[in-house]
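Starting from the given sequences, assemble the full structure and let the hints guide the process.
Protein chains in written order, with UniProt numbering: chain A, 1 to 286; chain B, 1 to 349.
Simulated from the structure, these hints should not be mistaken for laboratory data.
Be a bit skeptical, because a hint or two may be false.
With the C-beta cut set under 7 Å, the calculated list includes, among others, these residues of chain A facing chain B [unchecked claim]:
| # | residue |
| --- | --- |
| 1 | 16 |
| 2 | 20 |
| 3 | 59 |
| 4 | 60 |
| 5 | 62 |
| 6 | 86 |
| 7 | 100 |
| 8 | 102 |
| 9 | 106 |
| 10 | 250 |
| 11 | 254 |
Note that the coordinates shown come from a computational prediction; the quantities given were computed from them, not determined experimentally.
Every residue gets a Cβ at the ideal spot worked out from N, C-alpha and C, and that includes glycine.
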Amino acid sequence: MRSSTSEKFDIKENEYQPVNGTITRTHNFTEDDKLFEIQLLEGKDLGHQPGQFVMLLVPNVGEVPISVTSSPTKPGPFELTIRAVGNVTNAIHKMGPGDSVGIRGPYGTGFKPEIFEGEDMLYIAGGIGLAPLRSMINYSLDNREKFGDLTTVYGAKEPAEQLYTDELQDWKERDDMEYLETVDQCPTDQEWEGRIGVITTCIPDVNIDPDTTKVLVCGPPVMYQFVLEELDDLAVPDENIYLSLERNMHCGRGLCGHCQMNELYVCTDGPVFNYPEVRDKEEAEV
Amino acid sequence: MKIIDKPEFTTLIDEKISSEPRDVVGVQDDGEKYVFDELETADDLALDYDVTMLSPKKYIMPQRETYLEYQKSNGDYEWRAKTNPEGKVIVGIHPYDLVAIEQLDKIFIDTFKDEPYRAKRENSLLIGVNMQKASETAFAGSMGTATTDSGYDLLLTELGDRYAIEIGTLEGKEFLAPAETRTARSEEIEEVNRIEEEDIPDLFENELEFSPDELPTVLEENYDNMEFWEDYSENCVSCGTCNLVCPTCCCFSVEMTRDLDGKGGKQTRRWDGCLLEDFAAVAGDENFREEKAERHRHRLMRKGRYIYERYGDIACIGCGRCTSECVPNVADPCDIYNKLKKEMTANAQ
Ligand SMILES: Cc1cc2nc3c(=O)[nH]c(=O)nc-3n(C[C@H](O)[C@H](O)[C@H](O)COP(=O)(O)OP(=O)(O)OC[C@H]3O[C@@H](n4cnc5c(N)ncnc54)[C@H](O)[C@@H]3O)c2cc1C
Ligand code: SF4
Ligand code: SF4
Ligand code: FES
Chain A
1 MRSSTSEKFD IKENEYQPVN GTITRTHNFT EDDKLFEIQL LEGKDLGHQP
51 GQFVMLLVPN VGEVPISVTS SPTKPGPFEL TIRAVGNVTN AIHKMGPGDS
101 VGIRGPYGTG FKPEIFEGED MLYIAGGIGL APLRSMINYS LDNREKFGDL
151 TTVYGAKEPA EQLYTDELQD WKERDDMEYL ETVDQCPTDQ EWEGRIGVIT
201 TCIPDVNIDP DTTKVLVCGP PVMYQFVLEE LDDLAVPDEN IYLSLERNMH
251 CGRGLCGHCQ MNELYVCTDG PVFNYPEVRD KEEAEV
Chain B
1 MKIIDKPEFT TLIDEKISSE PRDVVGVQDD GEKYVFDELE TADDLALDYD
51 VTMLSPKKYI MPQRETYLEY QKSNGDYEWR AKTNPEGKVI VGIHPYDLVA
101 IEQLDKIFID TFKDEPYRAK RENSLLIGVN MQKASETAFA GSMGTATTDS
151 GYDLLLTELG DRYAIEIGTL EGKEFLAPAE TRTARSEEIE EVNRIEEEDI
201 PDLFENELEF SPDELPTVLE ENYDNMEFWE DYSENCVSCG TCNLVCPTCC
251 CFSVEMTRDL DGKGGKQTRR WDGCLLEDFA AVAGDENFRE EKAERHRHRL
301 MRKGRYIYER YGDIACIGCG RCTSECVPNV ADPCDIYNKL KKEMTANAQ
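Structural data, given as structure tokens:
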């Protein structure tokens with residue numbers, strides 16, 4: 001035995017203990033993307049920060065990391081937006097109100113809103129990357145007086161792939177946040193009057209002061225390099241850029257090794273990184 | 001330091017086998033290899049072994065372990081984190097394996113508070129034994145792990161018809177109490193010191209040609225040396241065996257299985273390895289370590305650099321297990337470290 005081993009951990013009896021969560025509402029954005037509102041047992045508050053994730057346990061199927069998409073400023077149940085891509089994500093798509101799941105977390109470093117208070121913000125989201133960013137966007141809208149200028153750029157593959165369409169409409173109409181959107185393409189059977197082109201084509205058009213603006217980016221892996229080049233052209237200093245990255249995850253708490261990216265663990269050192277922390281890490285692929 | 005006659009030690013272990021509530025396991029010869037396995041009698045102990053197939057890590061971090069169960073009741077699921085706190089008395093651990101367990105303690109107990117690991121560790125008693133033989137592939141002598149002065153409850157050193165016993169903890173002392181022992185004489189203490197300082201370092205044929213302190217730098221300098229990583233990993237078949245036999249590898253994957261009655265199920269974790277092809281793959285055809293060379297580089301970086309940067313330990317303790325178990329003869333870390341050092345020297349010129 002080891003002298004320090006005999007004390008049980010006092011944080012919680014066991015970090016692997018999930019809390020039961022009940023799905024209270026769902027909403028289909030697209031065929032593959034669905035929003036789940038989840039209420040924890042006994043009305044317990046998740047207590048997350050924007051940008052953090054939970055480990056979602058779907059009974060009989062498996063466990064996956066999913067970002068919390070609702071802002072902590074929203075009281076009551078929290079929300080996840082899940083894209084059906086494999087076993088677990090397809091299984092939860094078949095579930096609905098009243099069904100129950102397990103929740104561990106929240107985990108990871110979030111966007112730490114307190115460090116952004118007083119700053120101008122630029123949010124850049126590609127595809128499902130809007131899910132984690134939305135929690136921060138709504139946080140800053142709900143605490144509007146604490147932030148400077150707000151700008152959001154959102155790119156989807158095609159019009160029918162857009163998430164949170166009602167909310168996007170509201171963002172468009174607001175005069176306290178600049179909102180730009182684009183789609184990569186518009187198939188002939190869909191309607192679209194806006195911009196067509198990949199997300200990077202929007203960036204030269206954003207009207208920001210590069211020295212006072214913090215930029216938060218989340219999207220598919222291929223997006224980062226191109227967005228970072230555009231931000232460099234705008235003369236945004238690297239220290240002002242924050243990226244939320246995604247990797248394979250099995251434990252969510254720094255042990256299983258799956259999410260490792262050079263010496264960094266995306267689950268505990270991230271998923272949100274300040275760009276200089278990962279700029280020279282080859283495995284970050286940014 | 002205490003002295004115990006060999007027959008008295010055998011009697012002590014036999015008594016423990018019948019009286020201890022815990023399993024008593026120890027090193028035995030299974031006909032082909034040395035293994036840690038449950039002891040039926042102390043006569044089966046083979047304490048003059050060279051290396052065991054797997055390290056005693058398997059008792060504290062089992063190859064498969066259920067850590068969570070769930071059951072459906074009234075529509076809701078009841079989730080129960082569960083810990084199997086079964087410890088073992090483990091007899092015959094070489095110092096390098098004790099060092100490996102101390103490294104895992106730092107990660108699983110001190111840093112991340114992993115209850116399933118902690119509970120088994122708390123209830124285990126580690127009886128070490130100084131090496132009398134080394135396998136051809138071991139290089140613990142040059143890694144500074146061939147001897148240790150911590151990490152054990154008891155540590156034996158063979159002195160002909162007796163064992164010298166170093167007591168590491170109060171529990172070790174209590175374990176030994178029923179046996180007849182005497183305090184070591186000064187020449188016996190000197191003999192143990194001589195064995196540790198002279199005989200043990202001489203056991204190794206394989207050695208690191210530079211100080212292990214330099215390893216993090218040697219690896220860092222060769223990070224971008226893709227030609228090297230590609231060359232050396234060329235014949236690897238990505239079987240992951242080198243990960244599985246390694247006493248410091250601790251990556252795992254998690255699986256959910258449902259019970260046959262359909263009302264519940266469990267979460268199980270099992271050893272996984274970063275050399276397996278899909279270790280870093282995610283949905284949608286993205287694999288963050290797709291190339292064999294990248295996976296090998298990661299394994300070596302983790303052993304000699306990443307864990308060092310985070311926890312201050314070189315996570316290769318030089319047991320040589322990966323070398324002996326790799327069929328295409330690729331995995332030898334000692335050879336790799338030595339070659340990397342030469343590459344570095346060559347590049348500097
Ligand atoms: C921090 C973080 C936040 C995320 N947030 C969201 C979100 O808000 N919405 C959303 O739809 N998706 C999100 N994902 C991705 C989501 O976790 C994967 O789509 C999901 O794990 C796929 O699991 P599956 O069983 O459906 O797929 P399968 O392909 O059947 O999964 C097979 C195995 O691969 C692993 N795996 C596969 N893809 C991923 C992945 N991208 N990330 C981690 N593990 C993976 C799984 O653990 C599983 O063991 C997030 C991922 C991370 C790391
Ligand atoms: S190095 Fe050898 S043991 Fe390791 S994965 Fe490759 S072939 Fe298997
Ligand atoms: S890498 Fe090989 S030699 Fe080093 S500790 Fe692991 S199994 Fe032993
Ligand atoms: S998800 Fe297990 S270490 Fe990060």
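Hints versus structure:
Taking 7 Å as the C-beta contact cut-off toward chain B, the hint placing residue 16/A at the interface holds, the least distance being around 4 Å. A hinted interface residue such as residue 20/A counts as satisfied when its beta carbon comes closer than 7 Å to some beta carbon of chain B; here the least separation is about 5 Å, so the hint holds. Interface hint at residue 59/A: satisfied, since its Cβ lies 6 Å from the closest Cβ of chain B, which is below the 7 Å cut-off. Look at residue 60/A: its Cβ gets to within about 4 Å of chain B, closer than 7 Å, so that hint holds up.
Because the smallest distance between the Cβ of residue 62/A and any Cβ of chain B comes to about 5 Å, under 7 Å, the interface hint for this residue holds. For residue 86/A, the interface hint holds, the least distance from its beta-carbon to any beta-carbon of chain B being 5 Å, beneath 7 Å. Look at residue 100/A: its Cβ gets to within about 5 Å of chain B, closer than 7 Å, so that hint holds up. The criterion of a C-beta within 7 Å of any C-beta in chain B is met by residue 102/A, whose closest approach is roughly 5 Å, and the hint holds.
This hint is violated: residue 106/A has a C-beta 16 Å from the nearest C-beta of chain B, more than the 7 Å allowed. With a least beta-carbon distance of about 5 Å to chain B, the hint placing residue 250/A at the interface is held under the 7 Å criterion. The beta carbon of residue 254/A is positioned within 7 Å of a beta carbon in chain B (closest approach about 5 Å), and the interface hint is therefore held.
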